[in-house]
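Read off the chains here:
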Amino acid sequence: AQRVTQPEKLLSVFKGAPVELKCNYSYSGSPELFWYVQYSRQRLQLLLRHISRESIKGFTADLNKGETSFHLKKPFAQEEDSAMYYCALKHSGYALNFGKGTSLLVTP
Amino acid sequence: GAGVSQSPSNKVTEKGKDVELRCDPISGHTALYWYRQSLGQGLEFLIYFQGNSAPDKSGLPSDRFSAERTGGSVSTLTIQRTQQEDSAVYLCASSPGTGAFYEQYFGPGTRLTVT
Chain A
574 AQRVTQPEKL LSVFKGAPVE LKCNYSYSGS PELFWYVQYS RQRLQLLLRH
624 ISRESIKGFT ADLNKGETSF HLKKPFAQEE DSAMYYCALK HSGYALNFGK
674 GTSLLVTP
Chain B
15 GAGVSQSPSN KVTEKGKDVE LRCDPISGHT ALYWYRQSLG QGLEFLIYFQ
65 GNSAPDKSGL PSDRFSAERT GGSVSTLTIQ RTQQEDSAVY LCASSPGTGA
115 FYEQYFGPGT RLTVT
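Top to bottom, those sequences are chains A and B.
Take 574 as the starting number for the first sequence in the numbering used here and just add one per residue.
Take 15 as the starting number for the second sequence in the numbering used here and just add one per residue.
A couple of the hints might just be wrong.
Claimed, not checked - Cross-link-like lysine to any residue pairs, in silico, SDA-like; alpha carbons within 20 Å at most:
#1 A:595 x A:667
#2 A:595 x A:614
#3 A:582 x B:58
#4 B:25 x A:615
#5 B:25 x A:614
#6 A:582 x B:25
#7 A:595 x A:620
Stated by the list, open to error - Which chain B residues face chain A? A few, computed with CB under 7 Å, are given here:
#8 53
#9 62
#10 65
#11 79
#12 117
#13 122
Derived by calculation from the structure, the hints in this document are not laboratory data.
Yeah, the Cβ is synthetic: ideal placement off N, Cα and C, and Gly gets one too.
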């Protein structure tokens with residue numbers, strides 16, 4: 574069965590510090606993985622997807638099939654990065670299976 | 015352009031009543047999804063519509079839940095005989111297609127409270 578695990582419910586870092594939000598998955602096929610973000614009082618939106626190998630707002634995520642991980646990283650956190658972050662695995666070609674989310678708080 | 019819209023934004027209902035939640039997807043998007051966001055359970059997939067194909071209802075938690083999509087556009091999620099455990103934020107999303115490059119665009123959600 575496919576499963577997405579985000580071990581940290583809350584992550585607090587200082588502004589300018591590196592940040593890593595962990596995501597591990599279990600899936601028998603080739604995974605399609607995404608990071609979604611929800612800022613305060615805003616709707617859920619796509620941050621990045623592994624297939625694009627892109628950097629968005631300074632965030633990157635590398636798919637590690639050996640470790641079945643898709644951790645989200647940013648070298649220097651900013652206060653505006655404070656939000657809820659969800660790792661998601663697309664299964665059956667369309668439905669997203671989300672982790673329970675990590676609340677990131679960046680303090681000055 | 016306009017994003018995904020949902021109505022109502024908030025709904026308070028008594029246990030045992032039926033509720034209908036509405037989703038207006040982005041125009042031209044063929045795929046439509048319903049998810050539920052609840053404390054402790056996170057975000058759960060409920061149902062998926064793609065064009066005129068039969069919907070994937072595999073995520074619906076019980077037969078009290080049903081959904082339809084009329085004319086390939088607007089969708090309604092109906093919960094019959096609501097229970098307190100149905101209290102959650104119900105999110106609708108739409109996408110132009112279903113491949114890996116197609117982003118799902120989410121609506122603001124309907125917060126359902128069952129008293």
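### Query
Can you name, in rising order, the numbers of the hints this structure does not satisfy?
1, 2, 6, 8, 10, 11
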